[in-house]
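For chain A, the structure is supplied; the task is to place chains B, C and D on it using the hints.
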Amino acid sequence: MDGIHDLGGKHGFGAVIRETDEPVFHARWEARVFAVMRAASAAGVIRNADQFRHAIERIDPLAYLGHGYYGRWLGGIETLLREAGVVDVADLEAAIAARGGDPRAPAAARPDRQPAHIDYQPAAPGSRREGQASARFAPGARFAPGARVRTRATGTAGHTRLPAYARARCGTVIAVHGAWVFPDSNAHGAGENPQHLYTVEFSGRELWGDEAEPGTCVTLDLFEQYLQEVTP
Amino acid sequence: MDGIHDLGGKHGFGAVIRETDEPVFHARWEARVFAVMRAASAAGVIRNADQFRHAIERIDPLAYLGHGYYGRWLGGIETLLREAGVVDVADLEAAIAARGGDPRAPAAARPDRQPAHIDYQPAAPGSRREGQASARFAPGARFAPGARVRTRATGTAGHTRLPAYARARCGTVIAVHGAWVFPDSNAHGAGENPQHLYTVEFSGRELWGDEAEPGTCVTLDLFEQYLQEVTP
Amino acid sequence: MSDDQPQALRAEALEALLIEQGLLSAEAVDEVIATYNERVGPMNGARVVARAWVDPAFKARLLADGTAAIAEFAFEGGQTEKLVVVENTDTLHNVVVCTLCSCYPWAVLGLPPKWYKDPAYRSRVVREPRRVLAEFGVHLAEQTRVRVWDSSAEVRYMVLPQRPADSEGLDEAALAARVSRDAMIGVAVL
Amino acid sequence: MSDDQPQALRAEALEALLIEQGLLSAEAVDEVIATYNERVGPMNGARVVARAWVDPAFKARLLADGTAAIAEFAFEGGQTEKLVVVENTDTLHNVVVCTLCSCYPWAVLGLPPKWYKDPAYRSRVVREPRRVLAEFGVHLAEQTRVRVWDSSAEVRYMVLPQRPADSEGLDEAALAARVSRDAMIGVAVL
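In the order they appear, the protein sequences are chains A, B, C and D.
Sequential numbering from 1 applies to the first sequence in the numbering used here.
Sequential numbering from 1 applies to the second sequence in the numbering used here.
Sequential numbering from 1 applies to the third sequence in the numbering used here.
Sequential numbering from 1 applies to the fourth sequence in the numbering used here.
Pulled out of the complex, with its shape left as it was, chain A reads as follows:
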């Protein structure tokens, strides 16, 4: 998804602001959101991290920039709870009003009428991540360390972990991590589609052109489906 979340390389966000003696949670509501996230996972509403990340990507872009990290989580979780029918928006608004709040205050959540993942079933219990995926994934890795690869040029409306700044770019494989669940399909309940994951290093110059800082590079962990061989 070419969404507001895809921030790498973007300009205009100013200086990095650090807090002195920053607490783990700035307010109790942030910890509440964390607890609600865990409950939604336990209830099967958040099926996997990919689906949750995509729900956060789908929230209102203004809220994404303005509501902070736990505000983004809140939007993503509310989206999934409403899509799953676990929470009804009228009940939620009534509960907000009962606490003296404005139930019509701009919310971050953006539930789809027909969520893409409603029929999602994990392929096998507990088979989400590396160990299990590797075991079920027979073919060998297509690329070895040192291989030159080029990333896919185009984006997608769905979830993906290839950031816009690294599209249509050439890099070098520096590590091979075995087979992992593919977020682009798993987020949508369209299968775990396990495939090899590579750490690919890109020179600053390849990513940013003449304006790159000298002697800098960026690595990304990229799935085999994002990559093409570069013929020398």
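One should not assume that every hint holds.
[As the list claims (entries may be wrong)] Below, computed lysine to any residue pairings styled on SDA-like, alpha-carbon distance capped at 25 Å:
id, chain 1, residue 1, chain 2, residue 2
1, D, 59, A, 174
2, D, 117, A, 212
3, D, 117, D, 37
What the hints contain is simulated information worked out from the structure, not anything from laboratory work.
For clarity, every value in this text was computed on a predicted model and none was experimentally measured.
Only chains B, C and D this time, still in chain A's reference frame:
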């Protein structure tokens, strides 16, 4: 600038909302902003449209999405008026307070301490646009209608009119418009650098991959410096 | 954007400071409002379209060099240093956008509507023009190609819509009354 | 974000609805607060770093397979299914980010600081790492290469900082006390 303004192809902004019987100005303050823009141009604070567009690109990203068109203009104009020393922020805040407003309400303006364009002088009075630029631009156009061209792959921290969605893409020249002032340098007072302008057509598939709608294309007006020849 | 009070006060304050400095007259706002409500607006483009429908020689000139062809109307309004007029046909539909800001041919269409300047239209129409057009009520045949003109430089675009089938016998003024702003942007058909 | 009251009330309302449905216990919030304040935090990563400094065999294991090497510590906290530890040297400086969301190795570093999750750091550190590091007070020699690890999948990264020159003779616990969270992200040197 890889800023929030570069919206082409981005996801997550929802449906297009139309108003019935929409007025030209929704409130008097919008027309005020328009009048202030004209005054800033007449006073030489807004030197050219490229500098003004870049000032708008530089405003706070949240304001860019949240304050509407004239709110964006307001941010851009305030930025330039403060950078030029015509308006002092303390005076502005006092004038807001005198009107019963909160002088510390989040503002869109983001003046630089050392604006890049402070020494800007137009190369020649009135020489900003097509006619004059063409006259001073001797060499012929590098590309003719029908030529296949590839756009630059990387962005820039400064102003540019090559949107991110059309970088590193191949297209076909369908029109040649003579020489125009180059916004990428003109916005920063770094010269008018007139050069040929081309309308380039890109297939939907080239821009958006497999997800493109069939039978669609996009044209962009691109400056010669953005383009490379595609060798067949 | 539910509450634009801070922007309203800031604009008023800025205006006051410029008036104090003699850089702006107190009447300028009313002049702006009058200009873009009364004289500069889509009624100008509508006259151009109607003339192209009734006068084949003018239409040929308009499509060959829009800037020169509209010079005879002597429109004011700015933002239209070079005008290119693109013609809708049975096999090609044109639609105009400015993804990077909100470029628009003021002299012929006036100031753009809010939706033209909002993120939704700017982001979507280049990527999914058929879906956006359908939301506007324009359902194109599959075989009709769609060309989206993203106004990324100083060239400004206006769409020449197809003349409605039921407009036989109307004179130029009556035809102009049939031409909508949206049709000249390319998000409506007549 | 000056006023987070709407988010606070919405979170409270959501929590209440889940408690009503028996999907969440009223004590869960306090448990979350206790976990990430008391047991899961950068003190865990600091122990790993200190051990690597004093035990060359552990350091070799840690750099070869971070996940296996930290298993002996039995940290809780999640978000660290595969850990890769990258070593700073005189000629290479490593720094970690997640531009697409805010991935972070919770088990060894706890929950990330606000700046790590904010747009400014996420957007800038991949494009201008030297400038960002300088703002953090880390001024690198021109010849020191910088490698930015953008955590785009489930691999989590932790930086093994260089041992401070003045730490001779300190024991493992004293060394751990010298290791800062920021040094393990790569935005500080010790």
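Hint-by-hint comparison with the structure:
Taking the CA atoms of residue 59 (chain D) and residue 174 (chain A), the gap is about 20 Å. The hint holds against a cut of 25 Å. For the proposed pair residue 117 (chain D) and residue 212 (chain A), the alpha carbon gap of about 23 Å is at most 25 Å, so the pair holds. Only pairs whose Cα atoms come within 25 Å are accepted, and residue 117 (chain D) paired with residue 37 (chain D) is accepted, the gap being roughly 18 Å.
Taken one by one, the earlier hints all hold for this structure without exception.
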